[in-house]
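In order, the protein sequences belong to chains A and B. Letter by letter, the first sequence follows residues 937 to 1230 of the working numbering. Letter by letter, the second sequence follows residues 1215 to 1744 of the working numbering.
Hint data in this document are derived by calculation from the structure and do not stem from the laboratory. Quick reminder that beta carbons are idealized off the backbone N, C-alpha and C, glycines included. Hints may contain errors.
What the hints assert, rightly or not - To give an idea of the interface, some chain A residues facing chain B are shown, with a C-beta separation under 8 Å as derived from the structure:
id, residue
1, VAL1001
2, LEU1017
3, THR1053
4, PRO1149
5, ARG1176
6, PRO1177
7, GLU1194
Chain residues, written in single-letter form:
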Amino acid sequence: MSRTAILLVAAAPRGRSLWDDARGRLLANRAAVAGLIVLALLFLAAVFGPALTPWRFDAVNKNDVWAAPLTQGHLLGADSLGRDLLARTLMGLSVSLAVGVVATFVSLVVGIAWGTTAGYVGGRVDEAMMRIVDVLFALPFVFFVILLMVAFGSSIVLMFLAIGAVEWLTMARIVRGQTRALKSREFVEAARAAGLTAHQIVLRHIVPNLLGPVVVYVTLTIPGVILAESFLSFLGLGVRPPMASLGSLIANGAQDMELAPWLLIAPALIMAATLMSFNFIGDGLRDALDPKDR
Amino acid sequence: MRAAVLILAAMLVLVGCSPKASTAACAPGRTCLRMGNVADPATIDPQKINGVEEDNIVGSAMMGLTTEDVNGNVIPGIATRWETSPDGLIWSFHLRDAKWSDGFPVTADDFVFGLRRLLDPKTVAEYGYLLYFIQGAQAVNEGKAPLEALGVTALDAHTLQIKLLHPAPYLLQLTKHQTMYPAPRHIVERYGETWTKDHYVSDGPYVIQTWKLGDYIHATKNPLFFDANNVCIDDIYFYPISDSISAERRVRRGELDWNIDIQSNRIARLRKEIPDYVHTNTWLGTTYIAFNAQVASLKDKRVRHALSMAIDRDFMTKKLLRGGQSSAYSFTPPGVANYTPVQVLPWSSWPYEARQAEARRLLAAAGFGPGHPLKIKITHRNTPDPSLIMSAIQSDWTSIGVQVSLVPEEGQIAYQSYRSRAFQIADAGWIADYNDPKSFLDQLQSMTGTMNYGDYNNPAYDSLLDQADHENDIAKRAAFLARAEALMLDDAPFVPIYFYVSKNLLNPKITGFGPNIADRHRIRWMCVKS
């Protein structure tokens, strides 16, 4: 009997997991696929572009002040100091993407740790932890960041931390809700009956089952973070010159838009493309991972 | 006068979050002027102000012994006539029957009170040093003599006598300056240092009515002003718009009648599009960078000279700003009265590459090189022109192997850190208080105090300025001043960058705006063409 069972298992065609189904649904979503392709191209440009452009992003070219696109060797033109806009846009893109990814990763790690602990332990611990989240939510983001900048000086690392420190709150709430729902499911009871520790249960059984909603939320957090960084840079709180981010480039471009519209158009288009790609991918993932929702 | 806040940014956050699109409505039947004034004043106390934006407001309300006409020339103010002793040391001013805006008479005693108040160390006015040529002023200001030791006396209610240490041909320009405005003794003694808050009275053409911080200051015509019949504009609104680009857009939309600044690299375009709005003119002002005397690596004169010669000034004035500014190799600008600025920096005429090579050599001689680069921080005003210039300087210095970081600060904050010497390299501007080289060179005297940002202290320099003070012959005096300036430029505590031009954006319906080298435009002369 046992022998036939093993044979059956071995001979069975490889099953389709939920993830396989999800991937299939995602790849069938044209907007999401387009988003993936555009985003992949943008990532490649951000990683390799700055090394490939003939100009350095911070090089002041004394003969190229306000050079228009496609003149004097500048594909996208040059800014008020004669710095090549293509090089600056690529640098800005990589800074913005880096901020987006790193800050989102910070929020992911903190949010999952906080949310699963609160949700799994429950009771007073849960109450206390979620009230802390509520309090932090009540802090106005911009003032929080300004305070951090004043206290510790302005740096790009601090900006990662500041944005991440705010973005983990929603993540923690989502994770906590999911954890509470999963906690009473049969497989968790079985694991508990088998004598696994709380730590093992959370890591092996709860976190993997959280991933669906978390992945969706991550893809929607990254553009949110990029926007937040741009907002801070627009206010002059973000990256320091001569460094650039998409936000600071757009801020400078908006100042000079009557004189040199290309300074606004190029970074704004890149920014829009980035945000739309992330949002299409996020939407596609949500549809793919949560079939009930359709 | 400090170029405080010569442009953008102050509360960038506030501007960014809540663009105040509306301007106050002008009441029917009244003539209004809405003026973009760059920044809110730190104070409107006549003895405590020092910035251009403060003078625009307080100078509309207060009037000294003399005042300026539409072209900035000295004309009688509260004093109708004056005479001086043959040796030029004793001046007597005869006052008219003027009134404060609350009806009290303006007396010679109010002038004595104002000057004592300015020089009283308790007032902590920064501008005291400007009047050190008055007998006893320095001792009083340094707390070494009682206030009564000041050589300014009210002979009677209408006669003021001022005794000087040495002849000062520029005295009549200072009697119209904020440092010599009277103070309303009956108000200040009654309400104390906070009199400006609710009990402001003035003796000039306007009365300050309301100050909405971050919004506007409203002043109305003073009916008790002696020449009130000839004042055309009834209401003035001063808007603290730090962002010169949004101010420019508001002038074009007709929401503002006048803005006192234009971002330099937009002037050429504005000249094409709205030529009758743009007014640029020679201005007695210099932008410079100061080296903090406490920073070890900057104590070496070779380092300061290397940094100075590596700055490509022609690129800044001809390519970046293009507003008519000119490259500066002296602290005093061309066009200053009684003087021709010296040109003593030998490298100023070299090609730029040769200057870079020499700068690298000097840095290497001072012990800095690829293995041990010089690292410095520039604190600068975050307004557009300084931001642009400092980015260019950063790039120039990077190319000779210096590691530079920029610290942009809002104008008032930047000057605060200069005063407390919390900077390594400061970007600043200096605008003449009176048309004389001394208005520039005095700033670097050792006794000047906080405004001598680089803490320049050279006894030879001080003594040359002193000799110039006691010299009556204009040519000989100029020679002393030239020697002093040459000495200072060689020591390089300050490095001049470029000479200012004044840039006003004015709706052509406003009349009575006269171009002048001091860029002082008193609103009492202006009117609105219907």
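Do the hints match the structure? See the list:
1. A cut of 8 Å between beta carbons decides the hint on VAL1001(A): the least distance to chain B is about 5 Å, and the hint holds.
2. Among the interface hints, the one on LEU1017(A) holds; its C-beta lies about 6 Å from the nearest C-beta in chain B, closer than the 8 Å criterion.
3. At about 36 Å, the closest approach between the beta carbon of THR1053(A) and any beta carbon in chain B exceeds 8 Å, and the interface hint on this residue is violated.
4. Interface hint status for PRO1149(A): violated, as the beta-carbon distance to the closest one in chain B is roughly 33 Å, over 8 Å.
5. The beta carbon of ARG1176(A) comes within 7 Å of a beta carbon in chain B, closer than 8 Å, and the hint placing it at the interface holds.
6. For PRO1177(A), the interface hint holds, since its Cβ comes within 8 Å of a Cβ in chain B; the closest pair sits about 6 Å apart.
7. With a cut of 8 Å, the hint placing GLU1194(A) at the interface with chain B holds, because the nearest CB-to-CB distance is about 7 Å.
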